[in-house]
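Undergrad: Here's the letter readout for the chains.
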Amino acid sequence: MFNARLVASFLTRQSSSSRCATKLNSFSRLSSTANTTTQLRPGVRFCSSHGSFGTASRTAANSLTHQSSSSTTTTPTPRFASSSNSSSSSSSSSDVAMYLKQSHERVFESNRTWAAEQKARDPEFFAKLAAGQNPEYLWIGCSDSRIPAEQITGLEPGDAFVHRNIANLVCNTDLNAMSVINYAVQHLEVKHIVVCGHYGCGGVKAAMTAKDMGILNPWLRNIRDVYRLHEKELDAIPEEEARYNRLVELNVIEQCRNVIKTAPVQQSYAKNKFPIVHGWVFGFHDGLLKDLEIDFEAVLHDIQKIYNLTDN
Amino acid sequence: MSQQDTFLYALSSNNAWAGYKAHQNPNFFPKLASGQSPQILWLGCSDSRCPETVILGLQPGDVFVHRNIANIISPTDINTSAVIEYAVVHLKVKHVVLCGHTSCGGAAAALSDTRVGGVLDTWLTPLKAVRFAHQEELDAIKDDKARAVRIAELNVEAGVKVLMANFAIQDAIRERGLEVHGCLFDIGCGRIKDLGFGTKGRNGASGGLNGSSEEVVRGKHAQLAFRGGNAQMIVR
Ligand SMILES: [Zn+2]
Ligand SMILES: [Zn+2]
Chain A
1 MFNARLVASF LTRQSSSSRC ATKLNSFSRL SSTANTTTQL RPGVRFCSSH
51 GSFGTASRTA ANSLTHQSSS STTTTPTPRF ASSSNSSSSS SSSSDVAMYL
101 KQSHERVFES NRTWAAEQKA RDPEFFAKLA AGQNPEYLWI GCSDSRIPAE
151 QITGLEPGDA FVHRNIANLV CNTDLNAMSV INYAVQHLEV KHIVVCGHYG
201 CGGVKAAMTA KDMGILNPWL RNIRDVYRLH EKELDAIPEE EARYNRLVEL
251 NVIEQCRNVI KTAPVQQSYA KNKFPIVHGW VFGFHDGLLK DLEIDFEAVL
301 HDIQKIYNLT DN
Chain B
1 MSQQDTFLYA LSSNNAWAGY KAHQNPNFFP KLASGQSPQI LWLGCSDSRC
51 PETVILGLQP GDVFVHRNIA NIISPTDINT SAVIEYAVVH LKVKHVVLCG
101 HTSCGGAAAA LSDTRVGGVL DTWLTPLKAV RFAHQEELDA IKDDKARAVR
151 IAELNVEAGV KVLMANFAIQ DAIRERGLEV HGCLFDIGCG RIKDLGFGTK
201 GRNGASGGLN GSSEEVVRGK HAQLAFRGGN AQMIVR
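Protein sequence lines, in the order shown, are assigned to chains A and B. Using full-length UniProt numbering, the first residue of the first sequence is number 1, and each one after it goes up by one. Using full-length UniProt numbering, the first residue of the second sequence is number 1, and each one after it goes up by one.
Looking at chain A on its own, in the form it has when it is part of the complex (with noise of 0.2 Å):
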């Protein structure tokens, strides 16, 4: 079971990071994405980019190191540039060539929006943000766009080192994820690691679906060898959608394993007793994250029978 107590104690590390500077969740944007009606009414959207996952929360949360929230409560009124393609598909070919323009334009204008509101709010949030990075997490997450990791559990710029590939796959050949575990554990001396799945994962589905797919072979290939890891359990429940989704949680599981068997993990957790890893899978029906509750110290030490990689 992961130990609050334990990680508590690693909070007062970070009392001087920037972490008082509020962040953009954009959720104004929000029904422009989820409705196909883009037009934006002041004073309708939830403007909360700052204001939802920033200060007050961590402030809260995080009392060892923040002690003021008030702040908040004076922060400008962020401003959002409109856009009126967000969503749309375009509908006639002749149109294409502006419409991508549109999109691609949209996302600077964004992104200058985002720059402009950040540096109102907290002058000196780049220039903090600029002198380094010191994440409590590493978060290993599918390439699905719904799922941005920052948003969706509020953690701000400079939280979580992050690691997304198609069904958050962790495996031991695969130079590109094994590189981001060694840098994260060795040299940010993260404290969680958290690989997250989620419910319809296309990759999952994807993987079990009978068909050739060039280059996404060997990659896809990962997830067939958690089903047969688990045949009897997932071929034992009758609905499919059920067992996709016992699928993507045992994936989710599997993949932890592949985690603890790493050595960075393994030599970092013997010395300093952290990473600790963790198995989420987040549900789109709900927006919510599922903790799976993984025993990290039993399945550490269920894998050193055989995946010893400390020098004892």
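A few of these clues could be false.
Said to hold, decoys possible - No more than 27 Å apart at the CA atoms, straight line, and that leaves these computed lysine-lysine pairs for DSS-like: (1) A:Lys290 x A:Lys232; (2) B:Lys142 x A:Lys128; (3) A:Lys205 x B:Lys31; (4) A:Lys119 x B:Lys145; (5) A:Lys211 x B:Lys92; (6) B:Lys145 x B:Lys161.
As the list claims (entries may be wrong) - Computed far set for chain A versus chain B, every beta-carbon distance over 10 Å: (7) Thr113; (8) Arg224; (9) His230; (10) Pro238; (11) Asn245; (12) Gln266; (13) Asp302; (14) Asp311.
Worth flagging that the hints you see were computed from the coordinates, not collected in a lab. Since the model is a prediction, treat every value here as computed from it, not as a measurement. Every residue, glycine too, gets a C-beta built ideally from N, C-alpha and C.
Dock chain B with the ligands against the given chain A, drawing on the hints supplied.
TA: Frame of chain A, contents of chain B with the ligands only:
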């Protein structure tokens, strides 16, 4: 509250976020659950200071993401290749954005001659190759930070070249006008600069400072508050 930590914070604030989103727009999560159709594939650094969807001011559902150490695009890396294939061929994104950033630890490591250790040196090989290919230019830059920025730019240029050589990307450019962009995120000011590499070439840079007339939208503020260990959204 002293027992709280960032782990509990994240789970707790997710709870509040989900509640608020659903309250604000009951259709939000059902719509998300129905599928994704992102326009942008973002290839960026794992660095915690570069949260793509946040710095782009976009929403869940907008950006398909791969982030690795130093945003290295290596043609034989199966992880990145799978992401590109899935995003370009199956999701049919309209833009591929490769974005480096200032003060990148990976760039600094590639400029150093010391061994990083573990599997990292092997991963950084392509970035080291960029360094050696531009050794003279980089050596001429006296300021360490400026040199790191320059190699980050060169890294993006090299990565864009790899992307442009990818068959799936080439097909998509030809068949449906996919665009490939090379950018740099300046952590010191929060802005993304279009470096002009990729499908648009030098002239297409659009990250100018004189932003056209932006429509200003104001809305209600809301913030997350902890009361008795529970988080909730407060709208004022
Ligand atoms: Zn997925
Ligand atoms: Zn970096």
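Undergrad: Are the hints correct? Go through all of them and say.
TA: Here's how the hints hold up against the structure:
Taking the CA atoms of Lys290 (chain A) and Lys232 (chain A), the gap is about 24 Å. The hint holds against a cut of 27 Å. Among the hinted pairs, Lys142 (chain B) with Lys128 (chain A) is consistent with the structure: their alpha-carbon atoms are about 24 Å apart, no more than 27 Å. Our distance criterion of 27 Å between C-alpha atoms is met by Lys205 (chain A) and Lys31 (chain B), whose separation comes to about 19 Å. Taken as a hint, the Lys119 (chain A) and Lys145 (chain B) pair is honoured in the structure, with Cα atoms around 22 Å apart against an allowance of 27 Å.
A hinted pair counts as satisfied when its Cα atoms are at most 27 Å apart, and Lys211 (chain A) with Lys92 (chain B) qualifies at roughly 19 Å. The straight-line distance between the Cα atoms of Lys145 (chain B) and Lys161 (chain B) is roughly 25 Å, inside the 27 Å bound, and the hint therefore holds. Interface exclusion of Thr113 (chain A) from chain B breaks down, the closest Cβ pair being 6 Å apart, not more than 10 Å. Every CB of chain B is more than 10 Å from the CB of Arg224 (chain A) (nearest about 14 Å), matching its label as outside the interface.
No Cβ of chain B approaches the Cβ of His230 (chain A) within 10 Å, the least distance being about 22 Å, so the stated non-interface status holds. Taking the minimum C-beta to C-beta distance to chain B, about 22 Å, the non-interface status of Pro238 (chain A) holds against the 10 Å cut. No Cβ of chain B comes within 10 Å of the Cβ of Asn245 (chain A); the nearest lies about 12 Å off, and the non-interface call holds. Every CB of chain B lies more than 10 Å from the CB of Gln266 (chain A), the least distance being 13 Å, so the non-interface label holds.
Residue placement check: Asp302 (chain A) keeps its beta carbon more than 10 Å from all beta carbons of chain B (closest about 22 Å). Distance to chain B confirms Asp311 (chain A) as a non-interface residue, since its nearest Cβ pair spans about 15 Å, more than 10 Å.
Checked against the numbered hints above, the structure violates only hint 7.
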